[in-house]
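With these hints in hand, go ahead and build the complete structure from the sequences.
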Amino acid sequence: MLSAAVEPSGGARPARRTLSPRLAYALVAAVIGLALFASSTPSPLYAEYRALWGFSSVVLTLVYATYAFGVLLALLLAGRVSDEWGRRPVLIVALGALLLTALLFMVADSVVWLFVARGLQGLATGLALGAASAALLDLHPRRDPAGVGLTNGVVSAGGMGLGVLVSSALVEYAPAPRVLPYVALLMLFAVAFVGAVLMPEPIADRRRPRLTPQRPSIPPVVRRPFLLAALGVVSSWSIGGLFLSLGPQLAATLFHTPNHLVVGLSIFALAGSGAAAQLLFGRTAPWAGAAFGSLALAAGMVLIVLSAAAESAGLFWAGAIIGGGGFGVAFLGALRALSVAIPHEHRAAVMSSFYIVAYLAISVPAIVAGSVVTSLGLQATFEIFGSIIAGLALVVAFEAYRTRPVARVAFA
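Anchor point for the sequence shown: position 111 equals 111 in the working numbering, and the numbering is continuous, going up by one each time.
In case anyone wonders, no lab produced these hints; they're calculated from the structure.
Predicted, not measured: the structure shown is a model, and the values here were computed from it.
Certain hints may be false.
Pairwise CB distance ranges (calculated) [claimed, not checked]:
1. M187 to S110: 46 to 54 Å
2. R143 to V194: 25 to 33 Å
3. A313 to D109: 31 to 39 Å
4. L394 to S110: 18 to 26 Å
5. V194 to L394: 41 to 49 Å
Each residue gets a CB set at the ideal place from its N, CA and C atoms; glycine is no exception.
Here it is as structure tokens:
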């Protein structure tokens, strides 16, 4: 539904047709999901790229690191830019860059182009996540932070899982596997770009943005809930990083098949069960989500480690589903704890700091594990990193339980 909006100015200007607040809310939620959908789309194609261009697993790890560095750079340089410039202009720029990224992947003819495309994709994703997450808080019909946290969590986990699943199916069964997934992305981002042009601007007082390095800053009133949120996102996104890095390799070994869709389903099991668990336990108290989600995450990680040692596909599926459910609930608890506490004028800055923690959590295990798997072997790598992640999740569960009275007071 479109409505008329008049841009504030000194003179009369024609009204601009805009999306209704409800449609605008759905749009920015879709942008978060699409950005993470696109970030996981190349994963099933890496085997094709390696066979075609002959690069090593270390180079593949560096390609992923380039994406993660791009996200972090965007969040550090422009984390609060949408608080100053406005949500709509930042989303338009980010979606335009994501469109260009899809084109670069389509024409890539060497590993150099993978580095370029992944780096630009990281920058665009960082811009999109900071602005869209803040816009969700601005545009929610009832200004309900708990509802915003649920929306953000579901589209994040769902987007990440669907990106791998859809790309895996296209790579396995469709023609032109190195082109068709990105054609699909082009069409999706084109629709989102038009929507961003039509969306209303929720920030009334806009200033000239400062594109200078920004030390992540957390207002004093937000620091305690931010700590709980940071702990929750570190434990939950770490398992996602390890899975995205080595999960396909372990799944292919356990299932004894090179079928891309089967391997993609194993990644989707983690992210999809995370999204489903968020829908089921979406109104759980933030401390309880962080505590019980982290316990489930630790249990799932232990099962995945055991599956590598026992070469058991059944243990792997059980670990992916249980760990994924824990990942989803712990991440949602972190988001809900934070969303209700952020002052309006600091929304983009705080959410960008949150995603800095998230992307460090998802990228560091993936990069380090991918770098050492050749020397240590797949089983030993999973045992070491899985044990670290499970132990961290138990610490998070204990800390969330210990601070539960604070969470109840802060978010009642």
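Verification of the hints:
One distance hint, 46 to 54 Å for the beta-carbon pair M187 and S110, is violated here, with the actual separation near 26 Å. As the Cβ distance of R143 to V194 is approximately 27 Å, the hint placing it in 25 to 33 Å holds. A hinted range of 31 to 39 Å holds for the C-beta pair A313 and D109, which are about 37 Å apart. Distance hint check for L394 and S110: the Cβ-Cβ separation is about 44 Å, which falls outside the suggested range of 18 to 26 Å.
Between V194 and L394, the C-beta spacing of about 46 Å keeps the proposed range 41 to 49 Å intact.
In this structure, the hints that do not hold are numbers 1, 4, in rising order.
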